[in-house]
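Number of protein chains: 6
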Amino acid sequence: MELPTLIAQRTIAKARILLEALPYMREHRGKIVVIKYGGAAMDMAPLARPFAEDIALLTSTGIHPVIVHGGGPQVTEMSNLLGLETRFVDGLRFTDDATLDVATMVLAGRLNTKVVSDLLAGGVRAVGLSGVDGGLLHARKQLEPDLGHVGEVVKVNAEVVAKLMETNFVPVVASIAIDELGGQAYNVNADVVASELAAELAADKLIFLNDVPGVVTPTAGLLSELGASECADLIQSGVADGGMIPKLQSAVGALKNGVRRVHLIDGRVEHALVLELFTPEGVGTMISLDAPDEHPPAEGS
Amino acid sequence: MELPTLIAQRTIAKARILLEALPYMREHRGKIVVIKYGGAAMDMAPLARPFAEDIALLTSTGIHPVIVHGGGPQVTEMSNLLGLETRFVDGLRFTDDATLDVATMVLAGRLNTKVVSDLLAGGVRAVGLSGVDGGLLHARKQLEPDLGHVGEVVKVNAEVVAKLMETNFVPVVASIAIDELGGQAYNVNADVVASELAAELAADKLIFLNDVPGVVTPTAGLLSELGASECADLIQSGVADGGMIPKLQSAVGALKNGVRRVHLIDGRVEHALVLELFTPEGVGTMISLDAPDEHPPAEGS
Amino acid sequence: MELPTLIAQRTIAKARILLEALPYMREHRGKIVVIKYGGAAMDMAPLARPFAEDIALLTSTGIHPVIVHGGGPQVTEMSNLLGLETRFVDGLRFTDDATLDVATMVLAGRLNTKVVSDLLAGGVRAVGLSGVDGGLLHARKQLEPDLGHVGEVVKVNAEVVAKLMETNFVPVVASIAIDELGGQAYNVNADVVASELAAELAADKLIFLNDVPGVVTPTAGLLSELGASECADLIQSGVADGGMIPKLQSAVGALKNGVRRVHLIDGRVEHALVLELFTPEGVGTMISLDAPDEHPPAEGS
Amino acid sequence: MELPTLIAQRTIAKARILLEALPYMREHRGKIVVIKYGGAAMDMAPLARPFAEDIALLTSTGIHPVIVHGGGPQVTEMSNLLGLETRFVDGLRFTDDATLDVATMVLAGRLNTKVVSDLLAGGVRAVGLSGVDGGLLHARKQLEPDLGHVGEVVKVNAEVVAKLMETNFVPVVASIAIDELGGQAYNVNADVVASELAAELAADKLIFLNDVPGVVTPTAGLLSELGASECADLIQSGVADGGMIPKLQSAVGALKNGVRRVHLIDGRVEHALVLELFTPEGVGTMISLDAPDEHPPAEGS
Amino acid sequence: MELPTLIAQRTIAKARILLEALPYMREHRGKIVVIKYGGAAMDMAPLARPFAEDIALLTSTGIHPVIVHGGGPQVTEMSNLLGLETRFVDGLRFTDDATLDVATMVLAGRLNTKVVSDLLAGGVRAVGLSGVDGGLLHARKQLEPDLGHVGEVVKVNAEVVAKLMETNFVPVVASIAIDELGGQAYNVNADVVASELAAELAADKLIFLNDVPGVVTPTAGLLSELGASECADLIQSGVADGGMIPKLQSAVGALKNGVRRVHLIDGRVEHALVLELFTPEGVGTMISLDAPDEHPPAEGS
Amino acid sequence: MELPTLIAQRTIAKARILLEALPYMREHRGKIVVIKYGGAAMDMAPLARPFAEDIALLTSTGIHPVIVHGGGPQVTEMSNLLGLETRFVDGLRFTDDATLDVATMVLAGRLNTKVVSDLLAGGVRAVGLSGVDGGLLHARKQLEPDLGHVGEVVKVNAEVVAKLMETNFVPVVASIAIDELGGQAYNVNADVVASELAAELAADKLIFLNDVPGVVTPTAGLLSELGASECADLIQSGVADGGMIPKLQSAVGALKNGVRRVHLIDGRVEHALVLELFTPEGVGTMISLDAPDEHPPAEGS
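Quick note, the sequences are listed as chains G, Y, Z, R, H and E, same order.
If you count the first sequence from 1, you need to add 1 to reach the numbering used here.
If you count the second sequence from 1, you need to add 1 to reach the numbering used here.
If you count the third sequence from 1, you need to add 1 to reach the numbering used here.
If you count the fourth sequence from 1, you need to add 1 to reach the numbering used here.
If you count the fifth sequence from 1, you need to add 1 to reach the numbering used here.
If you count the sixth sequence from 1, you need to add 1 to reach the numbering used here.
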């Protein structure tokens, strides 16, 4: 029986890696995963293709991904090109009529179309939406501080998203919202949108693709697991820095509203999504409502 | 029995008008109507509200409207604001990379969001799409003349539109398309998009909202009905002028591909859609494949 | 832009009236409306056609009407023709075997067939039933006073009605009922049948077509809105007269069993149904469980 | 093993009879059987109960019965009671306005309600209809001879019947029809209605309950099977007498329109339907399109 | 009316017997009946055909039967043929590896295939299963006494059985089970399997086909009805003998878990199932949770 | 951006292998794959677990596998144990009554239960069947040569298999068949069963797990692709040896009946199925109806 040796060991090793992914495929099958897309993963051209491939693999194994994106830097850039004056309140950008118009063009027009066409090129049946479409995101004016047309999400009406997922379309949502009457659009925070949408859809996971490896502390380094209460400690103790605070808050909000797990992963790593979802190694920090040690080793990170 | 006279005759007249609309409601119920939206109807602020009300009435009587829009003038305006140089070939605008980017922002971002939020404000469950979403419009580069990223539609994959209509969403489609591989976007003619989409959806009607009352000839004035072959005559004889020719061509194309009727109506008239669809008067020109006199008086215009 | 003036102002006014009906269409869409048909509206030949047109408009806008009728005068007339002796108990007609037979013939045979064929002629898919069909109305003998085969409804088994409405048939129900075992038929009051059927179907509205303009008091004239408790007052204080009392009692019963609103309207007015349901004017008295002033002006009358 | 002898042989014989019915149950399960009900079976009180039991057994074994009835003698009787003059044309009764009114009352009112309540009493979910309901039977005036409002069926629109059967209601149809526009009712022949309805419903069987044992010839006695062509012979040769001719013609018409078999059975025999459908003996004449000997002995009669 | 006498009285008697079965057909229609098959009914060749006919009649009247069988004697016989040594613990057979292998072959192979093909021959769409298939029966090792691979059922996962019944297949289950991990099979008691499966399926009835007429006491003879508490008395008082005790225990267990009635009937009687289910006589003992006299005479036995 | 280097390159390589499988996952998703299981893959204990893992991966990516097995050697072994005399006709084993009984026990009992429990242990929802269940495989006696109860498949009635696949059960079929009347079982060839079942199910693939690497010729070595006509050549020229001939014939038969591709792969290689279906390398010979070169490199082997 010497013939099987004709098959290179390398090939058999491939099968082992595929089979190593099997328990993860089973666990995730049929689940909804909301992905906040942004930062390097969205901005750097060479990462667009691996991202699309990851989403394609997710859909091929029966996962239902929903993608949420913002795009602050690109809005600023276009505002500058158009010579709009930028006004700040408490260090935060003020969104006047002209800026809202630019944000709508850049987020719902340029970036959304870009993400959708990159996904299409990777074989994903992506459909672009903003929070205006089908009244998906209802917002009202944020009052403290008054930042003009910056809004806070008051209701998610996920019917259009759910309908598209029924036939395996992948919704891609730009962070523009609308008031209840359909009259006034608002710029809203994409992290918050991802968190609220995950809660409304009863998503299994909410994943933030960031430009850092996860939650890192000076003493413990990268934390691979974290409980919701520990997130509060990190914020209060000042260990979590500026960019991380809203993500941790969104994470805890999503968990309290029924999302099972939140992942903060490194979007700069190629195929970070596939690694986090389908391999035992994981590539970031996983947050759950309970203390981390209650979770058996069934999942990556 | 003098009491009924307490009810003002004006009120009873109202009921008569509602009932006059009854045969049209029955005829149109459950049908798909593709509407090319543009010109004054889209640009003039006071016409946005009546348009939304008309679409709301259509959906309330069981019609499934699909709206298609372009927006050439707004693209030009934004290009100018950004200081882009405009290049012309054979008198036609050349779409280079920067212009395509502007077109995407303006059509799929600003205008599409504007139309959707106006419809929402009128109580319509509108959802914005471009031809990129779900691979809705596949295009390839137009070769004669070479106008850069101006494309011609080669395939309509209407699955995303059909899915949305299933639960009574109203799709609003911006005239941007994508090549088969998802790599390259194209600027495409919105009249053609409306015609191709109507054919693919087996729409009952295709309606163009124009800035003219319909097809007008120097001798006969406004033609209320027209056969497809007469359209060809009007083009060949030079009676149809520049702006009308592509609409007549799109109309004939749609009719040959199974759309039952095409209407060219005056978008400057408030509630033109409701008048055309629900009253015996009609407000423009109706074109059908057959000679006009074969159609009994069951329908407006 | 002088062209739009070619469209007569009268035509545009038509569109406005259609659009004025839009909020009512939306509110009523998909709702069940039970209509007690009788009196002049049923007896006077010139009103049959407008009634059928009204029902057709209701169905065209997605309302599900159910029609209930009695026909006491016609039963009396036929009994007289057949030379049957009429016996009275406490001033109420006694239904002996022969009279029940006549009632069955006249209500379930002549009148039901007449209403159904008038509706068919108006384009309505009407189907005639009596309370015997599919065991729709179970009754038992009324004991106080003993009026022979006059029964009181003890159970509504609305399955046959619900099934017919599923495919947009319009059930027309004659007020004959049957005992639990299927052995004995009963003559039952059509106002009560309408009320019980509306409750069982969880109808949105119950509408009585009467020969008076609505609830009229000597001091206040026609009351356009009324609360359930005020109905009781009107009965107790003797303001409500003989013919109105059973209707007010049926109205309150229906409201307490979940019907949202009851309307008493003037069946002598042409198109009273369409006026009441689709215009802000209304043509009678609307009764709801709550005090009238809690209702915003969203609905006619 | 003497214990089984405790079970009476009579009891075991019961099981054998039930099992003898098994192949018939299998064969008929899910099939539509149209039954023309009339004559002694309908008129004689003691036969109403066994008829209801038979229909109950049919439905319990998964058969979908549809019952059609006329009632000429009862119409005549009521006309006489009302003192209407009877007019004859070529020996056939002329149906003037008054007679049509009586026919509607008697057939769609009294008799239909009677059949439905008898069936209900036997546990059958019967629903009464006439050909007017849902536009079930479209007729036009019969011209030769002119018998007033006697019509001939031109179209069967069986949607209401099919809908009711979906949830195992048993439709009971009175032989009154309506013209295409819903304006004029007609008296139509119940044998023809049964035949046309069976064809439209693609019924497996059409059964006529008559007052004779089946087709009897002077030479051969009762014919247990018959081919369609032999029916023609019987009519042409004059062997078939007056009452049998229209039934044979209706039978052949049904067979040519796709009904598999027609049975003429003796309605005076208690449980004739069950005997014909579930026992090998059969109780009448079975007619099929093909020669009788092509049918294997799988079915009764 | 002498003709009906042509129909033999014997034939009419047949119809009466069929109709006598009607209330039982109605009562059982759509219900699940679990049948423990064994003893003479399974072993004696002449009884295989009547059993298959009975099951066929059950399915033809809309009952969903599920059959469970063991086969201890046949396992012993095959073990002997293979020269396996039989070991006993407390007088009970010990199931070592070899014996389990034989049990699997005999129960899931030979006997199951035999029952299925006998049923197929009688026109029943039977499908053989063991408790291993689809993880139907999860068992764990029985500890007291240790009988080797004899297990006790810990969970019934009836999905595969329910799925097959959806399209009117008749599942036939051999009493072999599997542990939770799929690694170790067990021999389990078929009476217990039938009882647990009936409870899991919310069966209406559980029927044991035994080699005795039912529950017989020295003083009262055959008991035709019995309450659950009386079963306990019979066991405690020693009146119930060895073979009857596990059946009574299984019966009470099933009743407590929601099965409506348990029947112990004499499998040696031909057509015992049909007699018990469709005739008023019945052929054994019926056990229900309540006292026997609470049950009206609606059912056999 | 040094942080990503914290992720081991080995981990990223894993993601690449998973993504390399993506096009295969997409291609196979929702397809039916019939697998003839046998030889070393079934007999050698260490290969049972990898086989179950492979089937689990197939189901996790949306493939619907159906497994067919025989087991001649095990039947012979048991026959010997039972001291049955083996008779040969033309060098082929004769199946007398006793041998058929042994085959039923071994194939439908022991081996089928073994395969099912191994699959359950690997997380696959397996359900064992033989060709008797639900009348899956109808056979008749093979006449040339007369080998007793050896049959040839005449009809596949795949309803039970299709029903189980609907809810993602994996059917495992033992090669025992039954005659049309359900009276006589037959031993049938498992290769033929797999081929016929694949054709009936319109399977995308039929895979034979053999004890050789695929089709090997003295001159060309292992052939990775093959057309149907070349199979015929290999048989006629004598290049294909004894064991390969029936497999090649079954392969060609399946292809002619609509199966898209047949694979002969080496069951002795661990994870041969996953390698063949999800990697570009492949591990055997792929046969299609057309010439091999027409197939682009979209698939393994």
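The set of hints was computed from the structure by calculation and includes no laboratory data.
Because the structure is a prediction, the values reported are computed rather than measured.
A few of these clues could be false.
[To be verified] With a Cα cut of at most 20 Å, we get these calculated SDA-like pairs of lysine to any residue:
no.	chain 1	residue 1	chain 2	residue 2
1	R	Lys-32	R	Glu-160
2	Z	Lys-164	R	Ala-159
3	E	Lys-257	E	Arg-269
4	R	Lys-257	R	Asn-158
5	E	Lys-164	H	Ser-289
6	E	Lys-32	E	Leu-224
7	Z	Lys-257	Z	Thr-218
8	R	Lys-156	Z	Ser-230
9	R	Lys-164	Z	Glu-167
10	R	Lys-142	R	Val-157
11	Y	Lys-164	G	Gln-143
12	H	Lys-32	H	Ser-289
13	E	Lys-156	E	Ala-200
14	G	Lys-164	Y	Thr-168
15	Z	Lys-164	R	Lys-142
16	R	Lys-142	Z	Ala-122
17	Y	Lys-156	G	Arg-126
18	R	Lys-142	R	Leu-101
19	R	Lys-32	R	Lys-142
20	G	Lys-164	Y	Met-166
21	Y	Lys-164	G	Gly-92
22	H	Lys-142	H	Asn-158
23	H	Lys-156	E	Ala-122
24	Z	Lys-164	R	Asn-158
Checked hints:
no. : hint                  : verdict
1   : R:Lys-32 / R:Glu-160  : 17 Å, holds
2   : Z:Lys-164 / R:Ala-159 : 15 Å, holds
3   : E:Lys-257 / E:Arg-269 : 28 Å, violated
4   : R:Lys-257 / R:Asn-158 : 19 Å, holds
5   : E:Lys-164 / H:Ser-289 : 35 Å, violated
6   : E:Lys-32 / E:Leu-224  : 25 Å, violated
7   : Z:Lys-257 / Z:Thr-218 : 24 Å, violated
8   : R:Lys-156 / Z:Ser-230 : 53 Å, violated
9   : R:Lys-164 / Z:Glu-167 : 9 Å, holds
10  : R:Lys-142 / R:Val-157 : 16 Å, holds
11  : Y:Lys-164 / G:Gln-143 : 35 Å, violated
12  : H:Lys-32 / H:Ser-289  : 17 Å, holds
13  : E:Lys-156 / E:Ala-200 : 11 Å, holds
14  : G:Lys-164 / Y:Thr-168 : 8 Å, holds
15  : Z:Lys-164 / R:Lys-142 : 33 Å, violated
16  : R:Lys-142 / Z:Ala-122 : 17 Å, holds
17  : Y:Lys-156 / G:Arg-126 : 16 Å, holds
18  : R:Lys-142 / R:Leu-101 : 13 Å, holds
19  : R:Lys-32 / R:Lys-142  : 33 Å, violated
20  : G:Lys-164 / Y:Met-166 : 10 Å, holds
21  : Y:Lys-164 / G:Gly-92  : 44 Å, violated
22  : H:Lys-142 / H:Asn-158 : 18 Å, holds
23  : H:Lys-156 / E:Ala-122 : 17 Å, holds
24  : Z:Lys-164 / R:Asn-158 : 17 Å, holds
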